[in-house]
Amino acid sequence: MPKGWWVILLALISFGLAPQTVHASSQRQVPTLYLHGHHGGPNSMVPLMTAAQRTDHATAVVTATVDGDGHVHLEGDWPVATHRPLIKIVFKNNRTLNYHRIADWLRNVIETLQSHYQITKFNPGLFTSVFGT
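The sequence shown runs -24 to -1, 1 to 109 under mature numbering (1 follows the signal peptide of the UniProt record, and there is no 0).
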């Protein structure tokens, strides 16, 4: 795994480990984020998310699509009572190797989720990468 991905992964894990105060039914459960790899697309994570839904009774709630300018578009519905929510992240530009740009896009997704759903932490779930030569 290239050095840039380790930095992104460590930052996401650190962010996700921040302590939080839990308030019974008014607090959303911690979401698990799924991000496709290089050249991946909207359907790349479907088999893994389907397995999580089957074996862990998780629920796919939102797809966060990031356009080439870094703007995040959310699709789906995330009721507060959702058990084990799964969020799919899709980059429209799925071929960039610019790790700084990818880190900026991930930050934009997290900030958008914080703004729309008041999340305070997340499970980095599965971020995959396959690099072509």
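Note that these hints are calculated values from the structure, not bench results. Take the hints with a grain of salt, since some may be wrong.
Claimed, not checked - No more than 20 Å apart at the CA atoms, straight line, and that leaves these computed lysine to aspartate or glutamate pairs for EDC-like: (1) 68 to 87; (2) 97 to 87; (3) 68 to 45.
On a predicted model such as this, the values are computed, not experimentally measured, just so you know.
Verification of the hints:
1. The suggested pairing of residue 68 with residue 87 holds, with an alpha-carbon distance near 18 Å, which does not exceed 20 Å.
2. Among the hinted pairs, residue 97 with residue 87 is consistent with the structure: their alpha-carbon atoms are about 11 Å apart, no more than 20 Å.
3. For the suggested pair residue 68 and residue 45, the alpha carbons sit about 10 Å apart, so the restraint of at most 20 Å is met.
Hint compliance for this structure: no hint is broken.
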